[in-house]
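The listed protein sequences correspond, in order, to chains H and Y.
With our numbering applied, the first sequence closes on residue 114, and no number is skipped along the way.
With our numbering applied, the second sequence closes on residue 114, and no number is skipped along the way.
It is worth saying that the hints were derived from the structure and are not from the lab.
We treat Cβ as the ideally placed atom computed from N, Cα and C, and that holds for glycine.
Be a bit skeptical, because a hint or two may be false.
Unchecked claim - In silico DSSO-like pairs for lysine-lysine, Cα to Cα no more than 27 Å straight-line:
#: 1; chain 1: H; residue 1: Lys9; chain 2: Y; residue 2: Lys109
#: 2; chain 1: Y; residue 1: Lys16; chain 2: Y; residue 2: Lys97
#: 3; chain 1: Y; residue 1: Lys3; chain 2: Y; residue 2: Lys113
#: 4; chain 1: Y; residue 1: Lys113; chain 2: Y; residue 2: Lys70
#: 5; chain 1: Y; residue 1: Lys16; chain 2: H; residue 2: Lys9
#: 6; chain 1: Y; residue 1: Lys113; chain 2: Y; residue 2: Lys16
Claimed, not checked - Far from chain Y, some chain H residues (derived; all Cβ distances over 10 Å):
#: 7; residue: Met19
#: 8; residue: Leu45
#: 9; residue: Thr71
#: 10; residue: Ala82
#: 11; residue: Asn100
#: 12; residue: Gln101
#: 13; residue: His104
The primary structure of each chain is shown beneath.
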Amino acid sequence: NAGVTQTPKFQVLKTGQSMTLQCAQDMNHEYMSWYRQDPGMGLRLIHYSVGAGITDQGEVPNGYNVSRSTTEDFPLRLLSAAPSQTSVYFCASRSRPRGNQPQHFGDGTRLSIL
Amino acid sequence: AQKVTQAQTEISVVEKEDVTLDCVYETRDTTYYLFWYKQPPSGELVFLIRRNSFDEQNEISGRYSWNFQKSTSSFNFTITASQVVDSAVYFCALSAKGNYQLIWGAGTKLIIKP
């Protein structure tokens, strides 16, 4: 019962480096999203996808890139890491793009940018 | 615009006390959905409950209960006879019908002391 799987769990980067956070779900969910969680600010939406080949920006998209080539995978790319991107990142999925279904979350990736 | 306010940043109670976590929301949509999630110290996000705007019945699940009041735009969460395992950050979130995004409150950190 994998659900939403995120890798890696922890990562330390230097300023300017790039990397990809992986997210995969095995529930055939149409909707997938990436959030960042910072202390005292709740979760903020970075990017989301309503299906393979369709992505859109959320509240805080700058410095991040996404793609959705398959229903299962939704990687998040940091193009040139900055200290302000130090955060905990969560990937989530939901069966339908709209509506009242709860989102299922991965366990998170704790990212530190030095 | 949509907004979720959790005014209580942190609450600390002694085990077995009852505690209520407040959630106030703003939306112009007539159909919307409210959620509560729990984030224990281990960091994962756990879905607790979903409430539709057209269903104002309160809900009870064991020691947990939720009070939804449209007149005051509130969706409060009460834990009866709290236990140490209830210690976590609790998030309230809002989604409008037809909207992709989930709007999150900043969270309330609940500390249950033995």
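Hints, verified against the model:
Among the hinted pairs, H/Lys9 with Y/Lys109 is consistent with the structure: their alpha-carbon atoms are about 23 Å apart, no more than 27 Å. For the given pair, Y/Lys16 sits about 38 Å from Y/Lys97 by alpha-carbon distance, which is inconsistent with the 27 Å threshold. Annotation: proposed proximity of Y/Lys3 to Y/Lys113 is violated, straight-line Cα distance about 31 Å (limit 27 Å). Taking the CA atoms of Y/Lys113 and Y/Lys70, the gap is near 33 Å; set against the 27 Å cutoff, the hint is violated.
Of the pairs offered as hints, the one joining Y/Lys16 and H/Lys9 is violated, with about 35 Å between alpha carbons and a cut-off of 27 Å exceeded. A threshold of 27 Å between alpha carbons decides the hint, and for Y/Lys113 with Y/Lys16 the separation of about 9 Å falls inside it, so the pair holds. Once the 10 Å rule is applied to beta carbons, H/Met19 is consistent with being away from chain Y; the minimum gap is 20 Å. Distance check for H/Leu45 against chain Y: the nearest CB is about 6 Å away, which does not clear 10 Å, and the non-interface claim fails.
No beta-carbon of chain Y comes within 10 Å of the beta-carbon of H/Thr71; the shortest separation is about 16 Å. With a cut of 10 Å on Cβ distances, H/Ala82 stays outside the contact zone with chain Y, its closest approach being about 23 Å. The beta carbon of H/Asn100 sits about 4 Å from the closest Cβ of chain Y, which is not more than 10 Å, so the claim that it is off the interface is violated. Here H/Gln101 does not stay apart from chain Y, with its beta-carbon only about 8 Å from theirs, under the 10 Å limit.
With 10 Å as the threshold on Cβ separation, the claim that H/His104 sits away from chain Y is violated: the shortest Cβ distance comes to roughly 8 Å.
Checked against the numbered hints given earlier, the structure breaks hints 2, 3, 4, 5, 8, 11, 12, 13 and satisfies all the rest.
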